[in-house]
Amino acid sequence: MKVEYVTPFVNASASVIQTLIGISPERGKLSARPQMFTSQQVNIVCGITGEIEGQVIYGMSMMTAKNMASKMLGGQEVKEFDQLAASAIAELGNMISGGSSNQLFQSGFKTDITPPTIVKGPNISMTNFDIPTLVIPLNVAGVGEFEIAVSLRQRKVVAA
Amino acid sequence: MAKRILITDDALFMRVTLKNILSSNGYEVVGEAENGAQAVKMYSELKPDLVTMDITMPEMDGLEALKQIRAADANAKVVMCTAMGQKNMVVEAIQSGAKDFIVKPFQPDRVLEAVGKLLAA
Chain Y
0 MKVEYVTPFV NASASVIQTL IGISPERGKL SARPQMFTSQ QVNIVCGITG EIEGQVIYGM
60 SMMTAKNMAS KMLGGQEVKE FDQLAASAIA ELGNMISGGS SNQLFQSGFK TDITPPTIVK
120 GPNISMTNFD IPTLVIPLNV AGVGEFEIAV SLRQRKVVAA
Chain E
0 MAKRILITDD ALFMRVTLKN ILSSNGYEVV GEAENGAQAV KMYSELKPDL VTMDITMPEM
60 DGLEALKQIR AADANAKVVM CTAMGQKNMV VEAIQSGAKD FIVKPFQPDR VLEAVGKLLA
120 A
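Residue numbers (numbering that gives the first Met the number 0), protein chains in the order written: chain Y, 0 to 159; chain E, 0 to 120.
So here's chain Y without its partners, still in its complex pose (with noise of 0.2 Å):
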């Protein structure tokens, strides 16, 4: 996996977050592991499709995601993890995917993005491409800790 396909999200996520609530995100070390996994309780999980294809997950604790989505609904309380406030944390990987996309696509690689889809729940591993999975974690300070683990590949040309 290249760290190149890793930047586009870092970035993305540091101005959507920006733009949607007003706060910088501080960014955490980088680190690997040899498949897609993640421990957290909220996960959403996107495809990429395209020239450039695999997954992205942005996992957060079940706090985190209702700090997320209270600042996203305007301040509005969240007690419960609703619907609405699922959706919200949906729409947050869903723009995070765009906006790197948009980078990717300057870059030179064309994708595309699935809808995203909410995983509940710790210890889910995915089997994809075997690809490493890349993990950048994020502070957002008032919020909490949120990571990105980032697996794609350069889509192999099948011989006609």
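Because the hints were derived from the structure by calculation, they are not lab data.
There may be inaccurate statements among the hints.
Straight-line C-alpha distance at most 30 Å; calculated DSS-like pairs for lysine-lysine [said to hold, decoys possible]:
(1) E:Lys116 x Y:Lys78
(2) Y:Lys109 x E:Lys86
(3) Y:Lys119 x E:Lys18
(4) Y:Lys155 x E:Lys76
(5) E:Lys98 x E:Lys66
(6) Y:Lys109 x E:Lys98
(7) E:Lys66 x E:Lys116
(8) Y:Lys109 x E:Lys76
(9) Y:Lys1 x E:Lys86
(10) E:Lys76 x E:Lys40
(11) Y:Lys28 x Y:Lys1
(12) E:Lys116 x E:Lys40
(13) Y:Lys109 x E:Lys66
(14) E:Lys98 x E:Lys86
(15) E:Lys18 x Y:Lys70
(16) E:Lys18 x E:Lys76
(17) Y:Lys109 x Y:Lys155
(18) E:Lys18 x E:Lys98
(19) Y:Lys119 x Y:Lys70
Use these hints to put chain E onto chain Y, whose structure you have.
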């Protein structure tokens, strides 16, 4: 009379956000479609003055819905409102008849400016 708007987005959060922005600024949100197929159907039933259209949606995406709505009504005013801001998407949407292209996340003023300009009498 308030101008009538149809919102199209698969995300409840986005529909609520857009509805709040539009309703609190004097527009009437007459319908909320959750995918492109619903938007096409609701457009013909409701005949709104303007449609906001997401692109990445299940069942039928926003570009296909835009084309079908414009095929049925050449004067339809459709504003794309999507996280996918790549140049090829923008070009395809504008060539297919979209009147504006808003990239999410957006500030409320960006939506109001686009809608206001298109619906000015």
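State the violated hints by number, sorted upward, taking the hints as numbered earlier in the document.
1 and 4
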